Amino acid sequence: MDQLISLFTTAVTFGTVIMYGAMGEILTEKSGNLNLGVPGIMYIGGIAGLIGSFFYENGNPNAIPFVGMLIALVCAFAAAALAGLLYSFLTITLRANQNVTGLTLTIFGAGFANYFGGSLNTMAGGVGQISVALTSGVFRYSVPALKTIPVAGQLFFSYGYMVYLAIILAIVLNWVISRTSVGLNLRAVGENAATADAAGINVTRYKYLATCIGAGISGLGGLYYVMDYIKGTWANDGNIEALGWLAVALVIFATWKSVRAIWGAYLFGALYWLYNFVPSFIELLNNTFGWSIPPMTRAMQQIIQMLPYVVTIIVLLFVSFRKRKEDQPPASLGIPYFREER
Amino acid sequence: MESTIQFNSGAPAVQMIDITKTFGTVVANNKVSLEIRRGEILSLLGENGSGKTTLMNMLSGIYYPDSGTIMVDGRPVSIRSPKDAFDLRIGMIHQHFKLVDVLTAAENIILGLNEKFVLDLKNVRKTVEEICGRYGFTVDPNKKVYNMSVSEKQTLEIVKVLYRGADILILDEPTAVLTPQETQKLFAVMRNMKEDGKSIVIITHKLHEVMEISDRVAVLRKGEYIGDIATKDTDPQQLTDMMVGRAVSLNIDRPDPVNPVRRLTVTGLTVIDDDGVKKLHNVSFAAMGGEILGVAGISGSGQKELLEAIAGLRIIESGDITYYEPHTGKAVSLLGMNPRDIKRLGVRLAFVPEDRLGMGLVGSMDLADNMMLKSYKKGRLPLTERKSPKQLAEKVVQDLEVVTPSISTPVRKLSGGNVQKVLVGREVEGDPTLLLSAYAVRGLDINTSYTIYRLMTEQKQRGAAVVYVGEDLDVLLELADRILVLCSGQVSGIVDARTTTKEEVGLLMTHLGAMQTEPADDKEVEA
Numbered sequence: 001m002d003q004l005i006s007l008f009t010t011a012v013t014f015g016t017v018i019m020y021g022a023m024g025e026i027l028t029e030k031s032g033n034l035n036l037g038v039p040g041i042m043y044i045g046g047i048a049g050l051i052g053s054f055f056y057e058n059g060n061p062n063a064i065p066f067v068g069m070l071i072a073l074v075c076a077f078a079a080a081a082l083a084g085l086l087y088s089f090l091t092i093t094l095r096a097n098q099n100v101t102g103l104t105l106t107i108f109g110a111g112f113a114n115y116f117g118g119s120l121n122t123m124a125g126g127v128g129q130i131s132v133a134l135t136s137g138v139f140r141y142s143v144p145a146l147k148t149i150p151v152a153g154q155l156f157f158s159y160g161y162m163v164y165l166a167i168i169l170a171i172v173l174n175w176v177i178s179r180t181s182v183g184l185n186l187r188a189v190g191e192n193a194a195t196a197d198a199a200g201i202n203v204t205r206y207k208y209l210a211t212c213i214g215a216g217i218s219g220l221g222g223l224y225y226v227m228d229y230i231k232g233t234w235a236n237d238g239n240i241e242a243l244g245w246l247a248v249a250l251v252i253f254a255t256w257k258s259v260r261a262i263w264g265a266y267l268f269g270a271l272y273w274l275y276n277f278v279p280s281f282i283e284l285l286n287n288t289f290g291w292s293i294p295p296m297t298r299a300m301q302q303i304i305q306m307l308p309y310v311v312t313i314i315v316l317l318f319v320s321f322r323k324r325k326e327d328q329p330p331a332s333l334g335i336p337y338f339r340e341e342r
Numbered sequence: 343m344e345s346t347i348q349f350n351s352g353a354p355a356v357q358m359i360d361i362t363k364t365f366g367t368v369v370a371n372n373k374v375s376l377e378i379r380r381g382e383i384l385s386l387l388g389e390n391g392s393g394k395t396t397l398m399n400m401l402s403g404i405y406y407p408d409s410g411t412i413m414v415d416g417r418p419v420s421i422r423s424p425k426d427a428f429d430l431r432i433g434m435i436h437q438h439f440k441l442v443d444v445l446t447a448a449e450n451i452i453l454g455l456n457e458k459f460v461l462d463l464k465n466v467r468k469t470v471e472e473i474c475g476r477y478g479f480t481v482d483p484n485k486k487v488y489n490m491s492v493s494e495k496q497t498l499e500i501v502k503v504l505y506r507g508a509d510i511l512i513l514d515e516p517t518a519v520l521t522p523q524e525t526q527k528l529f530a531v532m533r534n535m536k537e538d539g540k541s542i543v544i545i546t547h548k549l550h551e552v553m554e555i556s557d558r559v560a561v562l563r564k565g566e567y568i569g570d571i572a573t574k575d576t577d578p579q580q581l582t583d584m585m586v587g588r589a590v591s592l593n594i595d596r597p598d599p600v601n602p603v604r605r606l607t608v609t610g611l612t613v614i615d616d617d618g619v620k621k622l623h624n625v626s627f628a629a630m631g632g633e634i635l636g637v638a639g640i641s642g643s644g645q646k647e648l649l650e651a652i653a654g655l656r657i658i659e660s661g662d663i664t665y666y667e668p669h670t671g672k673a674v675s676l677l678g679m680n681p682r683d684i685k686r687l688g689v690r691l692a693f694v695p696e697d698r699l700g701m702g703l704v705g706s707m708d709l710a711d712n713m714m715l716k717s718y719k720k721g722r723l724p725l726t727e728r729k730s731p732k733q734l735a736e737k738v739v740q741d742l743e744v745v746t747p748s749i750s751t752p753v754r755k756l757s758g759g760n761v762q763k764v765l766v767g768r769e770v771e772g773d774p775t776l777l778l779s780a781y782a783v784r785g786l787d788i789n790t791s792y793t794i795y796r797l798m799t800e801q802k803q804r805g806a807a808v809v810y811v812g813e814d815l816d817v818l819l820e821l822a823d824r825i826l827v828l829c830s831g832q833v834s835g836i837v838d839a840r841t842t843t844k845e846e847v848g849l850l851m852t853h854l855g856a857m858q859t860e861p862a863d864d865k866e867v868e869a
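Sequences listed follow chains H and X, in order. Take the first sequence: its letters are residues 1 to 342, numbered as in my numbering. Take the second sequence: its letters are residues 343 to 869, numbered as in my numbering.
Read the hints as simulated data drawn from the structure, not as lab findings. Nothing here was measured: the structure is a model prediction, and the numbers come from that model. Hints are not guaranteed to be accurate.
[What the hints assert, rightly or not] Short derived list, chain X residues pointing at chain H, Cβ under 8 Å:
no., residue
1, 458
2, 460
3, 461
4, 477
5, 515
6, 518
[To be verified] Think about it this way: if two alpha-carbon atoms lie no more than 30 Å apart in a straight line, the pair counts; the simulated BS3-like pairs of lysine-lysine are:
no., chain 1, residue 1, chain 2, residue 2
7, H, 325, X, 620
8, H, 257, X, 844
9, H, 325, X, 719
10, X, 373, X, 527
11, X, 464, H, 325
12, X, 486, H, 257
13, H, 257, X, 527
14, X, 464, H, 323
15, X, 464, X, 373
16, H, 323, X, 844
17, H, 323, X, 486
18, X, 486, X, 468
19, X, 620, X, 564
20, X, 458, H, 257
21, H, 323, X, 485
22, X, 672, X, 719
23, X, 458, X, 425
24, X, 527, X, 620
25, X, 373, H, 257
26, X, 732, X, 548
Backbone N, C-alpha and C fix where the C-beta goes; we use that ideal spot for every residue, glycine too.
Bound-form chain H, shown alone:
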């Protein structure tokens, strides 16, 4: 039982990281831009938030935790949006290849973040590990009264506020895209930019805004990982990059609908950590039924970690076979638009 609860909460935590990344990418892709820089952008968001709160906490003996949290949030969003702006300038204004630009951004973001993460650790001195405990505390705060409810408290109320913010954001994003005129215009830009242009929509502005805001949202995924899961420290473990690619896969899994990304993200989170729970599960079976299933090998563990990608491939196959127009990617995804090109 404890094992299951633990799997659930880990799934939610990791799922939330993936969900932010995917929501940002959904917004971006709705405008017709395929930004494969999501992992890099999440790295940038994470490190920027950490840097912001580190300087605030370090330079201010009476640092207010809540202010630290706001600074981290703003820094993460702004830095990630800036990375989105760079991508937008290259792909929209200069019409560079989107795939190449995105992949470059991922490589750049990972290098940038790990470099400054290392620098921060050096600056922090001591054990060589920085910590923004105050800020991280706000990110990890959960209401004690609710948290202590047996089982349900653990399952639903033991998380920091960003878990709930992600769900609200997914619902709001879905509403904006499907029910408002801004969303309609955005969908038109991603489907058929020439048509949107002829209808009087400023295609360039929509692409820039969707890509930058989308990148900002993706960046929050990195911040949540840094502040909540690794408790306001920095680790060069490559987890953010892995989660970033899962976010790109989740966009496809959710067929470009942010509400579907909610449960999709938790499913991905659960599949990602499943291997951790397999040994005790095997043990449980062996003890209860007297079976003798051999313990999990390292190879087995890596196969299980592939599951989210396998599921995505299955969804892709399914969607391709069904050919429902509404489940297809935006029609001009990846294609630059230039009005006077004939």
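Knowing the structure of chain H, use the given hints to seat chain X on it.
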């Protein structure tokens, strides 16, 4: 400036004065002045590439003129974007529809208007029904565009423009994709709108439509304004002269087939496309060496699939395709063969596909390399033989008057007409016994079109069986010997091009089996 306008309400609806627009070194419009009056239907006539669409795109805000003045209701205006054009009550229906496939009709109509932050589709539906009622057409506001026919999409485009309150409507080649019957419906709507006081500009190069629908004709030639004339004071011959600058014969030379022999028979051909849609159903016909078999039909009736099936590019569901060798008369089945197999059999098949730069030529390769696509197997493998393709490219450039800086220019840098000359030139080079062509003159000017017609006729006189898929019925009636009419993937008739009428072919295009007795059948038996 004229002031004798029907409504005497001051200035004309639109005046364009000395408009110039260039793209790089190409002058698309050179000091063009044009007037659009209230409550008139104006035909803007010109060959392809004469700058008609460019001129109108400057009114609808797609392009911005390099110099010149645009006046609306007598006031100078600056139209920087489509939105500016809507604000001036100008709306354009583009040749390639500007609709988003996955959205509904209603959503497409309010696209970009931002009337309310939260979409209010109920209100849109009401207004749409009102507009439809007033001018006499039907649009289902909830239908998704991908479920619509071409003519439904066009109607939607018109409603979209009217919804935005346009008083000046510009229609770019609206009849290109319509059947004769649908065209009549469109013309009726246009007349209703004119009655309502709207100004309509119709861009076209079909003379009979100009004569039928418009009050006035303005003619452009190579980016220059030639003049305008009241439709009732002119005739097609005069308009043609204005359009091309010199008198050209509208007649296409059509020698009688000499000793036609059976070259290709298709029996019971059924083809299903990648989406699982049946594109051809039980199609049977024969093509003769020494004649041109025209293929008519609304676009998307299976023409493309038919040619591709014969050329070995499509999987055939059922049926048979048999080729008869010219001298021996020996029958060989082409069923299940790919283009290489067909070539290896010794069948000299030439194929001019609809998609020139997609299937016919490689855009980024030069003329000589494109010639080599047909002879890359020659030479001492793995080295290619480059000399004869070069000579061939030079010969094609010379014979067909291809305008190109050199034979080492990438073909995508050439204009549409020159690209087509390169493609057709290469295909007819190997003395084909079977020549398949799809929309060979689409987008070409009159001169190039006639060059293509001449080449087709030459091949026919050489004894090749020519299958010519066309969209201009007037041309099909003058060029082909027999016409095969397709209607939603089925043969609805085979008629003698010399005796049939346009109305008959039009009817066959829209109504399957409208005619029970086909005179062409007897001919087949004879041959």
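Quick rundown of the hints versus the structure:
1. 458: 7 Å, holds
2. 460: Holds, because the Cβ-Cβ distance from residue 460/X to chain H comes to roughly 6 Å (cut-off 8 Å).
3. 461: 6 Å, holds
4. 477: Constraint on residue 477/X not satisfied, violated at 21 Å.
5. 515: Interface hint status for residue 515/X: violated (15 Å vs cutoff 8 Å).
6. 518: 17 Å, violated
7. 325/H - 620/X: 19 Å, holds
8. 257/H - 844/X: Not satisfied, since the Cα-Cα distance of roughly 51 Å exceeds 30 Å.
9. 325/H - 719/X: Given that 30 Å is the threshold and the Cα spacing comes to 42 Å, the pair is violated.
10. 373/X - 527/X: Distance of about 36 Å is beyond 30 Å: violated.
11. 464/X - 325/H: It holds: about 24 Å lies between the C-alpha atoms, which stays within 30 Å.
12. 486/X - 257/H: 19 Å, holds
13. 257/H - 527/X: 41 Å, violated
14. 464/X - 323/H: 29 Å, holds
15. 464/X - 373/X: Measuring from Cα to Cα gives roughly 46 Å; hence the hint is violated.
16. 323/H - 844/X: 39 Å, violated
17. 323/H - 486/X: Cα-Cα ~15 Å, so holds.
18. 486/X - 468/X: Distance of about 18 Å is within 30 Å: holds.
19. 620/X - 564/X: With Cα atoms ~43 Å apart, residue 620/X and residue 564/X exceed 30 Å; violated.
20. 458/X - 257/H: 23 Å, holds
21. 323/H - 485/X: 18 Å, holds
22. 672/X - 719/X: Given pair residue 672/X, residue 719/X holds - Cα atoms ~27 Å apart, limit 30 Å.
23. 458/X - 425/X: Between residue 458/X and residue 425/X the Cα gap is close to 17 Å, so the pair holds against 30 Å.
24. 527/X - 620/X: 29 Å, holds
25. 373/X - 257/H: 51 Å, violated
26. 732/X - 548/X: 39 Å, violated
Comparing the model with each earlier hint shows violations of hints 4, 5, 6, 8, 9, 10, 13, 15, 16, 19, 25, 26; every other hint is respected.
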